[in-house]
Structure formats: structure tokens, C-alpha cells
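With these hints in hand, go ahead and build the complete structure from the sequences.
Going by the numbering used here, the first residue of the sequence shown is number 742, and it counts up by one from there.
Just so you know, these hints were derived from the structure itself, not from any lab.
All values derive from a computational prediction rather than experimental measurement.
The C-beta atom is built at its ideal place from N, Cα and C for all residues, glycine as well.
Watch out, some of these pointers could steer you wrong.
Claimed, not checked - Mimicking SDA-like on lysine to any residue, the simulated pairs with C-alpha atoms at most 20 Å apart in a straight line are:
#1 K811 - A777
#2 K831 - R992
#3 K991 - L835
#4 K929 - F744
#5 K772 - R997
#6 K991 - E965
#7 K772 - A930
#8 K873 - G900
#9 K772 - S983
#10 K772 - R748
#11 K811 - R837
#12 K873 - S858
#13 K967 - R1023
#14 K967 - S983
#15 K873 - A930
#16 K929 - E805
Unchecked claim - Each pair of labels, with its calculated beta carbon distance range:
#17 D806 - G975: 43 to 49 Å
#18 H764 - K935: 42 to 48 Å
#19 L931 - D747: 19 to 25 Å
#20 T940 - G833: 42 to 48 Å
#21 A756 - T854: 23 to 29 Å
#22 D996 - A898: 21 to 27 Å
#23 A856 - A1047: 46 to 52 Å
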Amino acid sequence: MIFGQDRAVEQFTAARQSGALHHAWLLSGPKGVGKASFARLAATRLLSEAAGPAFSAAGLETPEDHRIAKLVEAGSHPDLRWLERLTNEKTGNLARNISVDQVRALGELFDLTPALSPWRAVVIDSIDDLEKSAANALLKMLEEPPANTIFFLVTHAPGRLLPTIRSRCRRLDFQPLDDDAMTSILAKALPMQKDFERTRVISAAAGSAGRALALAELDLISLEDKALRILRQGDPTNGRRSDLATELGKRGAGDRYAAFLEILPSVIAREARSLSGAPRQRAVDAYSRTRELVAIAPRLSLDPAATVFQLGGILASVADPLP
742 MIFGQDRAVE
752 QFTAARQSGA
762 LHHAWLLSGP
772 KGVGKASFAR
782 LAATRLLSEA
792 AGPAFSAAGL
802 ETPEDHRIAK
812 LVEAGSHPDL
822 RWLERLTNEK
832 TGNLARNISV
842 DQVRALGELF
852 DLTPALSPWR
862 AVVIDSIDDL
872 EKSAANALLK
882 MLEEPPANTI
892 FFLVTHAPGR
902 LLPTIRSRCR
912 RLDFQPLDDD
922 AMTSILAKAL
932 PMQKDFERTR
942 VISAAAGSAG
952 RALALAELDL
962 ISLEDKALRI
972 LRQGDPTNGR
982 RSDLATELGK
992 RGAGDRYAAF
1002 LEILPSVIAR
1012 EARSLSGAPR
1022 QRAVDAYSRT
1032 RELVAIAPRL
1042 SLDPAATVFQ
1052 LGGILASVAD
1062 PLP
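Printed below as a string of C-alpha cells:
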């Protein structure tokens, strides 16, 4: 079930029922608002209806006991491909990009007759992660799409995509979730979470269920509090940023470190909106510098502790401007 994205569900359902289903759908919106979940449900519904047995359900829903739904859930449906960044078996870290080889491997799917119905589906989560050559390879497929094949392309930043890719897709926009949708998602995912904790997480998540779950499961609220303390009170002895760097530089802290890099710019942006005058300008400058650093740190495999210490200095500059 998709919470809070009724318009996107209605638009896709109407297209599916009309028989004029576009071959490529660009699922656009902030991270963590349900785009990948939508893609999975939509692909499952399309493949299930095509293969049978017939069923009656609203929207994108497919009965859990349907034979196609079971195959999709198990990751073994022969006519569905899901492309995402792969995990390096040696390091356990995610690859920086979705490679051109992953995209070209779709040719093996298209060379074969669909196994269970006339339809095939491809999900790319996210298309933002495609390396340049992979994007060009995908473009060729979108220009000459195989018959009865549907692409679901997840994007968090559609403006950065090749215009030629955007022009070949029908776009569905996904909005930040309202508090009611966020509450329903968190109540289902984290039933033991206390009400005050849920309220705090929703307030910090800016309408992103994915971010809310990460905040709760990785205890990112405590990291956000430490970042805000540096931003608001400064760090004249370097002690606060050192403690944060030590915490996120530990072995096994990779997931928290990656999540911290992801949330920090929005933490600064939210704080900047509450400021005025010179402090606001310093926060805006800190936001720009932080975005640049968190973007290059994973790509260059910068040391986590050193990176967090440097970010702490940027945060401190908002409260402690240089003379």
C-alpha cells in the first residue's frame, strides 16, 4: 500500500485501464516518499494482471497470495529486472554508480520471449546513480523500446537527467508526505515506537518516510542534536566535533555515517530559515560548503572521521564566525 501519493496512483491506474500505457515512467520526487515502493507495486500489478489468474483489487494492489506477487516478493520473477547500485563483496560498501554493464545486461532479458505473460518490467532505483555511459545505453533502449516492456525510473533530481531521457518518459510527481501519512507508515513499521519519539522523528523528516525510518532505526536524532549544538553554540575547543568524528569514524558505523552525510544539508537549511541577517548568511554559506563536501566524500572515499571533523568546523562557523 502507498500512503499519501493518491494522485500518482490514480494517474497510473487510469493509464493502465485505458490500454494506452506509456513505456517509460519517470517517478520524480524527494527521497523516501514511496517512489520505489510505487514501482514495485505497479510492476507487480501489471505482471500479475497479464499472467493471471484474474483478481479484483483497487489501485496498485495485488493479493499477497497471487502466484506472480509471490515471485516478485521472492525476487525470482523471470520477466522483472531491478537495477540498483551493487554491493562490493570485499568491502561491503555500495558501488558509486549503476554501471553500464548492468544496463547492457538488460539486453539478455529483451532477447528472450517473456516467460509468464506478454509483459516485462524494469525498475531502476535510481536513475540518478547511472554512470554516463550507462545513461547513454539506457537512452538507446528508451528510444527503441522492446514490445510490451515498461520502465519505472526512480529519480530524486530530474533536472540533472539527460533531457533526451526525460523527453521519452511520462513523469509522475511524488510529494512530501503529510503528518497523517507519516504517522501511519511509522506506526506500521515501528509499532513499539513511543508517541513522543514518533512526533520528533516526523518533525525532523520533512515529509520523507525513508528519512524518518533512518532517523529512528539509526538513532540519527541524537546525531542531528549534536550537529545543531555545534551550529548554534559553536565549538571553540574542537571537543564537540572531535566527539562526533570519533562516534562516526568507528568500525561498523558506516551506515550511520552515510545517513549523517545525507541529512546534514537539510538540517542546516532548516536552521537557516529560522535565522536572519549575518547568521542566516553564514548558515547559507555553511549549507553550500556542506553540500559540496558530503557529495565528494563518498566518491573519493575520504576518511569518515576526518570528514565529520571538517563538517563540524563548517557547522561551528555559523555560531563562531572567523575574525
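These are the hints, each one checked on the structure:
no.: 1; hint: K811 - A777; in the structure: 18 Å, holds
no.: 2; hint: K831 - R992; in the structure: 15 Å, holds
no.: 3; hint: K991 - L835; in the structure: 18 Å, holds
no.: 4; hint: K929 - F744; in the structure: 11 Å, holds
no.: 5; hint: K772 - R997; in the structure: 17 Å, holds
no.: 6; hint: K991 - E965; in the structure: 18 Å, holds
no.: 7; hint: K772 - A930; in the structure: 17 Å, holds
no.: 8; hint: K873 - G900; in the structure: 15 Å, holds
no.: 9; hint: K772 - S983; in the structure: 30 Å, violated
no.: 10; hint: K772 - R748; in the structure: 18 Å, holds
no.: 11; hint: K811 - R837; in the structure: 31 Å, violated
no.: 12; hint: K873 - S858; in the structure: 33 Å, violated
no.: 13; hint: K967 - R1023; in the structure: 19 Å, holds
no.: 14; hint: K967 - S983; in the structure: 11 Å, holds
no.: 15; hint: K873 - A930; in the structure: 36 Å, violated
no.: 16; hint: K929 - E805; in the structure: 17 Å, holds
no.: 17; hint: D806 - G975: 43 to 49 Å; in the structure: 58 Å, violated
no.: 18; hint: H764 - K935: 42 to 48 Å; in the structure: 46 Å, holds
no.: 19; hint: L931 - D747: 19 to 25 Å; in the structure: 23 Å, holds
no.: 20; hint: T940 - G833: 42 to 48 Å; in the structure: 34 Å, violated
no.: 21; hint: A756 - T854: 23 to 29 Å; in the structure: 25 Å, holds
no.: 22; hint: D996 - A898: 21 to 27 Å; in the structure: 22 Å, holds
no.: 23; hint: A856 - A1047: 46 to 52 Å; in the structure: 50 Å, holds
In this structure, the earlier hints numbered 9, 11, 12, 15, 17 and 20 are contradicted, and the remaining ones agree with it.
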